[in-house]
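Student: If you want the building blocks of each chain, they are given just below.
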Amino acid sequence: MKRVRRSTGGVAGRAHAIVVFTACLGLLSACRVEAPERSEAEERARTTGYRGILLEDTDPRPDFVLTDARGEAFDFRAETEGKLALLFFGYTFCPDVCPVHMASIAAVKRDLSVEEQRRMSIVFVTVDPERDTPERLREWLSNFDPSFVGLRGTEARVDSIMLGLGLPAAIRDTTAGPDYPVGHASQVIAFPPGDGFRVIYPFGTRQADWKHDLPRLLKK
Amino acid sequence: MLVVLLAVLHWSLRRAGGGERIQKETRAWFGGVLALWIALDWPVGALAGYLASAHMLQYLLTALVAPPLLLLGVPAGAWRRLASRARTVRALRFLTHPLIALAIFQVTLYYTHLPSVVDGLMVTPLGSFALDTLWLLGGLVFWWPVVAPVPQRPGFGYPLKMGYLFLCTLVNTLPYAFLTFGELPFYGIYELAPPVGILGPREDQQLAGLLMKVGGGLILWTAITIQFFVWFRREGEAEGPAPAA
Numbered sequence: 000m001k002r003v004r005r006s007t008g009g010v011a012g013r014a015h016a017i018v019v020f021t022a023c024l025g026l027l028s029a030c031r032v033e034a035p036e037r038s039e040a041e042e043r044a045r046t047t048g049y050r051g052i053l054l055e056d057t058d059p060r061p062d063f064v065l066t067d068a069r070g071e072a073f074d075f076r077a078e079t080e081g082k083l084a085l086l087f088f089g090y091t092f093c094p095d096v097c098p099v100h101m102a103s104i105a106a107v108k109r110d111l112s113v114e115e116q117r118r119m120s121i122v123f124v125t126v127d128p129e130r131d132t133p134e135r136l137r138e139w140l141s142n143f144d145p146s147f148v149g150l151r152g153t154e155a156r157v158d159s160i161m162l163g164l165g166l167p168a169a170i171r172d173t174t175a176g177p178d179y180p181v182g183h184a185s186q187v188i189a190f191p192p193g194d195g196f197r198v199i200y201p202f203g204t205r206q207a208d209w210k211h212d213l214p215r216l217l218k219k
Numbered sequence: 000m001l002v003v004l005l006a007v008l009h010w011s012l013r014r015a016g017g018g019e020r021i022q023k024e025t026r027a028w029f030g031g032v033l034a035l036w037i038a039l040d041w042p043v044g045a046l047a048g049y050l051a052s053a054h055m056l057q058y059l060l061t062a063l064v065a066p067p068l069l070l071l072g073v074p075a076g077a078w079r080r081l082a083s084r085a086r087t088v089r090a091l092r093f094l095t096h097p098l099i100a101l102a103i104f105q106v107t108l109y110y111t112h113l114p115s116v117v118d119g120l121m122v123t124p125l126g127s128f129a130l131d132t133l134w135l136l137g138g139l140v141f142w143w144p145v146v147a148p149v150p151q152r153p154g155f156g157y158p159l160k161m162g163y164l165f166l167c168t169l170v171n172t173l174p175y176a177f178l179t180f181g182e183l184p185f186y187g188i189y190e191l192a193p194p195v196g197i198l199g200p201r202e203d204q205q206l207a208g209l210l211m212k213v214g215g216g217l218i219l220w221t222a223i224t225i226q227f228f229v230w231f232r233r234e235g236e237a238e239g240p241a242p243a244a
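These protein sequence lines map, in sequence, to chains A and B.
Residue 114 in numbering that gives the first Met the number 0 sits at position 115 of the first sequence, with consecutive numbering throughout.
Residue 106 in numbering that gives the first Met the number 0 sits at position 107 of the second sequence, with consecutive numbering throughout.
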């Protein structure tokens, strides 16, 4: 049987194809932008032990009383004493930051042991008390975790608590109609059981970050 | 724009083909364009920025459904013209060698599903376009040895084509396993996206993994079945009619 010998041009073709394919992958690798907050979170974990932003030598957890979704008074300091408390200011009509934070925390909380879960308290304070009725607050939080605590207070009272924590007051754009947006701080503040420091979790905190930090915070 | 470009390309290929009757090819071609349209336009294209499962559906349509249809839609005359270009055929012979094609497709599959790549590229329209283009090109290279008549590969018959497709069903198991059984969401873009529907990021990722395995498997096994029946029919034709008793 006659065998056809391939021309050496085939070798050049192969080389070209390999070079082009590798170059394309190389170009795309250059586009492989890792989100800056990821590397920052990992760098923080190396230096402080937490992927969140550690604030050392801080005041004890804030002392305020608001109304929970059952209509009863909730004393934040007394109710969360000796527990890891995660405090967040948001609103249930929030399209992005609030549901993402709540869903992330709830997902990671479910992975913890029952004992660990008992030793933490997640508190959501609404910055939009007008639309966030007690029923709405309870129903919305139950979608994530029934143990999440929803608190309400007057706008002035909630704003003053936020300012006391170094957070900007919420901005309610009620001129935008019934579906008005509310500008609010997007970070979750973690108060460890022993107080003395707090850890800030900005928007962009991933479930992997919570999974890394929550067990460490529970030990403090 | 992509759909218009593809339609124009097909029109020019038809012209190059000499105006023969090519209804079957036209149906396949527009089937491919339709798959691309569904993948890239609303709602799948829009949801692909929010849900990993929609992103996976986009991948299946762009890399596994559209390419074979587009290749089947190329008129015979265009294939003849291509076959007359020796240098192009030589390059295609290498690039679409089954082992090379499978390797290119798998590298593309793995690379374009890496969390850092998805998170880095999906945040910009250009990056998203780069992913779609990679999937389409990877899919064309993968399906080429199965569907395209140029270059001829007499040694790569139906049984080997079936084996080639079967091999592909196995190698997507690794990303499927990572997505389906991963404890945490891999992709920041989907984890931190505004919620859509009732699926949380983990469930959405599991659905994406299942789509990759089940949806991808369904497409590949359909192709394997078609290859089997075509092979069966051709064998029957080759043997000729049974002699009269």
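Among the hints, erroneous ones may be present.
[As the list claims (entries may be wrong)] Residues from chain B shown here face chain A by an in silico Cβ test under 8 Å; the list is partial:
| id | residue |
| --- | --- |
| 1 | 14 |
| 2 | 156 |
| 3 | 159 |
| 4 | 162 |
| 5 | 191 |
| 6 | 196 |
| 7 | 199 |
| 8 | 238 |
| 9 | 239 |
To be clear, the hints were calculated from the coordinates, so they are not data collected in a lab.
We put the CB at the ideal spot given by N, CA and C, even for glycine.
Student: For each hint, tell me whether it holds in the structure or not.
Tutor: Checked hints:
Interface restraint check: residue 14/B against chain A, minimum CB-CB distance 28 Å, threshold 8 Å, status violated. Taking 8 Å as the C-beta contact cut-off toward chain A, the hint placing residue 156/B at the interface is violated, the least distance being around 18 Å. Because the smallest distance between the Cβ of residue 159/B and any Cβ of chain A comes to about 20 Å, over 8 Å, the interface hint for this residue is violated. With its C-beta approaching chain A no nearer than about 24 Å, residue 162/B sits outside the 8 Å limit, and its interface hint is violated.
Given the 8 Å rule on beta carbons, the hint for residue 191/B holds: about 6 Å separates it from the nearest Cβ of chain A. Evaluation of the residue 196/B hint against chain A yields a violated restraint, the C-beta minimum of about 12 Å exceeding 8 Å. With its C-beta approaching chain A no nearer than about 6 Å, residue 199/B sits inside the 8 Å limit, and its interface hint holds. Given the 8 Å rule on beta carbons, the hint for residue 238/B is violated: about 25 Å separates it from the nearest Cβ of chain A.
Checking residue 239/B against chain A: minimum C-beta separation of about 26 Å lies over 8 Å; hint violated.
In terms of the numbered hints stated before, the structure departs from hints 1, 2, 3, 4, 6, 8, 9, listed from lowest to highest.
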